[in-house]
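J.: Chain order of the listed sequences is F and R.
Numbered per this note's numbering, the first sequence spans residues 1 to 404.
Numbered per this note's numbering, the second sequence spans residues 1 to 140.
Each hint should be verified, as a subset may be incorrect.
[Stated by the list, open to error] In the DSS-like style, the derived pairs of lysine-lysine whose C-alpha atoms are separated by at most 30 Å in a straight line are:
no.: 1; chain 1: F; residue 1: LYS401; chain 2: R; residue 2: LYS106
no.: 2; chain 1: R; residue 1: LYS94; chain 2: F; residue 2: LYS401
no.: 3; chain 1: F; residue 1: LYS321; chain 2: R; residue 2: LYS32
no.: 4; chain 1: R; residue 1: LYS94; chain 2: R; residue 2: LYS129
no.: 5; chain 1: R; residue 1: LYS110; chain 2: F; residue 2: LYS401
no.: 6; chain 1: R; residue 1: LYS129; chain 2: F; residue 2: LYS321
no.: 7; chain 1: F; residue 1: LYS2; chain 2: F; residue 2: LYS207
[Unchecked claim] Sample of chain R residues facing chain F (criterion: CB under 8 Å; computed from the structure):
no.: 8; residue: ASP73
no.: 9; residue: ASN119
no.: 10; residue: VAL122
[As the list claims (entries may be wrong)] Here are the simulated distance ranges between beta carbons:
no.: 11; chain 1: R; residue 1: LYS110; chain 2: F; residue 2: THR275; range: 31 to 41 Å
no.: 12; chain 1: F; residue 1: VAL18; chain 2: R; residue 2: LYS4; range: 42 to 52 Å
no.: 13; chain 1: F; residue 1: MET130; chain 2: R; residue 2: GLN138; range: 50 to 60 Å
no.: 14; chain 1: R; residue 1: ASP95; chain 2: F; residue 2: TYR309; range: 47 to 57 Å
no.: 15; chain 1: F; residue 1: ASN292; chain 2: R; residue 2: GLN22; range: 19 to 29 Å
no.: 16; chain 1: R; residue 1: LYS110; chain 2: F; residue 2: ALA242; range: 51 to 61 Å
no.: 17; chain 1: R; residue 1: SER114; chain 2: F; residue 2: GLU387; range: 27 to 37 Å
no.: 18; chain 1: R; residue 1: SER114; chain 2: F; residue 2: MET1; range: 47 to 57 Å
no.: 19; chain 1: R; residue 1: ASP19; chain 2: F; residue 2: HIS122; range: 34 to 44 Å
no.: 20; chain 1: F; residue 1: ASP368; chain 2: R; residue 2: ASP45; range: 53 to 63 Å
no.: 21; chain 1: R; residue 1: THR40; chain 2: F; residue 2: GLU182; range: 20 to 30 Å
None of these hints come from the bench; they were simulated from the model.
Beta carbons are placed, not taken as given, at the ideal position from N, Cα and C, and that holds for glycine.
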Amino acid sequence: MKDVAQIRADFPILSRTVNGQPLVYLDNAATSQTPQQVIDVIVDYYSRYNANIHRGVHALSQEATDAYEQARQKIQQHFNIAASREVIFTSGTTHSINIVANGFTTLLQKGDELLVSAMEHHSNIVPWQMLCERTGATLKVIPMNREGELRMDVYHELLSENTKLVFCNHISNALGTINPIEKIIEVAHAVEAAVVIDGAQAAPHVKADLQALDVDFYTVSAHKLCGPTGVGMLYGKSEWLAKLPPYQGGGEMIAEVTFEKTTYADLPHKFEAGTPNICGGIAFGAALDYLNGIGLTEIAAYEASLLAYATEELLKIAGLKIYGTAAHKTAVISFNIEGIHPYDIGTILDKLGIAVRTGHHCAQPIMDFYQIPGTVRASFSFYNTKEEIDALVAAVERARKMLS
Amino acid sequence: MDIKEIQEDIIAEFSMFDDWMQRYEYMIELGKSLPLIEETYKTDDNIIKGCQSKVWVHAELETDKLVFTADSDAIITKGIIAILIRAFSNQKPKDIIEADTLFIDKIGLKEHLSPTRANGLVSMIKQLKLYAVAYQTQLK
């Protein structure tokens, strides 16, 4: 990978201080930081060609439309998606999942079963529970083992001809587990169930080939991959997207409107009612360019070295326990120290300029599984360094001494 | 002492600390040392669920004064509870209703009372005031 010092120079925020200490940003699983190259694209948009897209005949509108549609193509290429109409711009993963969950309301009936993994973010649980309430379908849980790996044997047993949908994250936000989605998709298809993969945590670390995966739906949030907040993607196979009714009504998503009847626009616009986050979409494309400039393979290798080093160093701290020790995981470390509340550790780390997340990470079922109130989660990115890990370890040790 | 005098005392105590480390060490000590609530009162009825830490609050009227006991599963939250209870407990409901929490800002712990912090403390203060309002009505 390119020299990390050079990479860090791309991120203005990384040189700021917090509570008088140099910032050590280890909350990347919550949101990633933004490189100057992406910030420049945002500034350029508002400085030079801010306009509403698709409907205008004037030059600015055309330029904005071209840039927005180019971004859609970049996303299509990056994820190896068959057609750009299968790329729906959304406000992020939560929005993407809700489009699918809402769409299935008319396709499900009582007796149908939905399978959810035990390690989902609330955003990949609650919309499906709401769908079950609307349709009378049942939600069943694919359990996990103590290491934080899905019990594939139980998954096989749960699958039946009643299974209509399976949803699972590609990578767990709370544990870092990389789920065997290839296998999950393959066996779900054997019973003709559709599979929705939440790719929010995977996109900054793994280059997913959606055609090779043969996945039915895949979701991404731009702010996890060096892009801005409030924009993301829903990928859906066009045959599925054609079956689903629109999520929101409004402008942009229509073909013809009369008071008697409205016909809907073709894909992708059917699911893109209203003026979208135009600048965000363009910046999403720029963020992918930035990541590809460094290389996701190189990023994954570097982050794996950070994970190995951080795991080894943190485990030297007395009473420290790591939750999520899957054989295949990304650079996320969820931990607790015996007898100390994660919130207390997080508070002391913040005072020392170290940004981590504490709490249940919007995955309460995982915390219930381990019978803990939450964890401290340090999540690493390609711009983090071994020196930052040393600072983390020293700070956790200091917090332990203060709190025990 | 009335609430204002206690708050001034607390501000004076905290002004002796040179840096955040000393302030936090003091709070952690407070959190560890005080038996803040009887186990029988740590019920679901008395719980305030913050996203980050849990807080339990119990109130009892002793003649014309309201006595609070409370607890938290996080020690720093518990330390702040100890400070809040010192200021608000054993006071008349009317005085509790009228009191503010600006002294928390002045001792450099403002961030812990941010509504977005989700540690249960903001809800706890609201709860203390609600108890005061309820018992004030009862006293009348």
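J.: When the hints from earlier in the document are held up against this structure, which numbers fail?
T.: Numbers 2, 6, 10, 12, 13, 15, 18, 20 and 21 - these are the hints that the structure violates, sorted from lowest upward.
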